[in-house]
Amino acid sequence: MITVQDIQQETIADLFEQYPFLPGFFEENTLQVNGQINEKLIDYLKFLDDEEEAENRAIDKDQLLNSMTIYISQMLEFLGEDVDDGVHSITILPGTNKSGETEQFGELKISKSEIVCIVGPTGSGKSRLLADIEWVAQNDTPTSRTILVNEEMGDKKWRVSSGHKLVAQLSQNMNFVMDLSVYEFLELHAQSRLVEDVEGVIAKIIEEANKLAGEKFELTTPITSLSGGQSRALMIADTAILSKSPIILIDEIENAGIDRKKALDLLIGEEKIVLMATHDPMLALMGDKRIVIKNGGIHKVVETSDDERNLLVDLERMDAVVQNMRTRLRNGEIIKKEDIGF
Numbered sequence: 001m002i003t004v005q006d007i008q009q010e011t012i013a014d015l016f017e018q019y020p021f022l023p024g025f026f027e028e029n030t031l032q033v034n035g036q037i038n039e040k041l042i043d044y045l046k047f048l049d050d051e052e053e054a055e056n057r058a059i060d061k062d063q064l065l066n067s068m069t070i071y072i073s074q075m076l077e078f079l080g081e082d083v084d085d086g087v088h089s090i091t092i093l094p095g096t097n098k099s100g101e102t103e104q105f106g107e108l109k110i111s112k113s114e115i116v117c118i119v120g121p122t123g124s125g126k127s128r129l130l131a132d133i134e135w136v137a138q139n140d141t142p143t144s145r146t147i148l149v150n151e152e153m154g155d156k157k158w159r160v161s162s163g164h165k166l167v168a169q170l171s172q173n174m175n176f177v178m179d180l181s182v183y184e185f186l187e188l189h190a191q192s193r194l195v196e197d198v199e200g201v202i203a204k205i206i207e208e209a210n211k212l213a214g215e216k217f218e219l220t221t222p223i224t225s226l227s228g229g230q231s232r233a234l235m236i237a238d239t240a241i242l243s244k245s246p247i248i249l250i251d252e253i254e255n256a257g258i259d260r261k262k263a264l265d266l267l268i269g270e271e272k273i274v275l276m277a278t279h280d281p282m283l284a285l286m287g288d289k290r291i292v293i294k295n296g297g298i299h300k301v302v303e304t305s306d307d308e309r310n311l312l313v314d315l316e317r318m319d320a321v322v323q324n325m326r327t328r329l330r331n332g333e334i335i336k337k338e339d340i341g342f
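Each step along the sequence shown adds one to the number in full-length UniProt numbering, with nothing skipped, and position 315 is 315.
Accuracy of the hints is not assured; some may be wrong.
Stated by the list, open to error - Taking lysine to aspartate or glutamate pairs in the EDC-like style, the calculated list, with each CA pair at most 20 Å apart, reads:
{"#": "1", "residue 1": "Lys261", "residue 2": "Glu215"}
{"#": "2", "residue 1": "Lys40", "residue 2": "Asp60"}
{"#": "3", "residue 1": "Lys300", "residue 2": "Glu316"}
{"#": "4", "residue 1": "Lys112", "residue 2": "Glu303"}
{"#": "5", "residue 1": "Lys61", "residue 2": "Asp43"}
{"#": "6", "residue 1": "Lys109", "residue 2": "Glu151"}
Everything labelled a hint here was simulated from the structure, so no lab data went into it.
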């Protein structure tokens with residue numbers, strides 16, 4: 001919550017830069033800045049110390065400052081701008097599996113720029129774990145797990161407020177229904193975040209998305225005509241660059257038809273906490289650790305070993321060959337045995 005003390009010693013110029021929506025408040029309250037843009041807010045408002053001036057304007061200085069802080073806080077909440085402030089870790093505390101048995105780990109802390117993979121058979125409970133994290137579970141879900149934020153009990157505001165999205169979830173199917181071009185979609189999102197350099201952000205997102213997508217697309221492309229892989233690439237780039245949510249939950253990125261390694265590098269480069277449910281051994285070994293799910297519960301937590309990281313190099317080489325063969329087949333080329341390379 002923003003306080004009067006937080007803003008009154010700031011210059012108006014700094015406040016306008018920090019809160020691009022604040023000029024609207026000034027305009028609504030007939031506050032003319034003119035040549036006083038570099039004054040501290042408290043100094044600028046000294047004209048209201050004059051009782052006659054305050055009465056003529058029907059403005060009380062203390063009330064105005066309080067209204068301004070409420071306005072800023074509400075706008076930040078609506079836009080989701082303050083959710084990431086200080087969120088640097090989540091901790092999973094054990095619950096129970098489908099048989100009511102206590103999960104086999106003490107606690108699991110996950111920090112920014114860390115990748116944790118979730119592995120297990122289909123139907124074992126991987127999606128349930130993602131749901132517990134998204135809900136910021138407090139021993140009130142079927143698994144009885146508890147999710148801590150910064151090692152403290154999670155605030156319930158993350159459950160009910162659209163402005164406090166702790167989690168951004170990328171599901172297997174990313175189907176758009178809006179009649180917008182890629183540019184219009186990104187512009188709308190950037191403007192809702194009050195981004196100053198909208199064009200620069202849009203250019204960055206489309207550039208990163210096309211690095212991930214198997215087939216490049218343009219800003220003029222209707223989002224409804226994007227393939228599944230292109231849609232996923234767009235949403236990953238958009239989430240990494242524009243989303244304020246500090247936690248990214250990904251469900252089966254291997255089915256998206258995108259460059260998976262680049263996608264993960266992009267997300268952790270933006271200091272996100274990444275949890276990914278996957279069946280892909282290469283992706284599983286890309287994580288810093290992996291959660292093994294059995295019978296609806298966390299069976300064990302495995303740290304990725306140095307030997308596994310060395311093995312990952314070979315898996316990436318094999319994957320590069322497969323991806324190259326896929327591209328060549330799409331282009332109508334004939335694949336020969338010597339093309340495999342190993």
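Now the hints, each set against the structure:
no., hint, verdict
1, Lys261 - Glu215, "holds, 16 Å"
2, Lys40 - Asp60, "holds, 18 Å"
3, Lys300 - Glu316, "violated, 26 Å"
4, Lys112 - Glu303, "holds, 17 Å"
5, Lys61 - Asp43, "holds, 11 Å"
6, Lys109 - Glu151, "holds, 8 Å"
Hint 3 from the list above is the single one not met by this structure.
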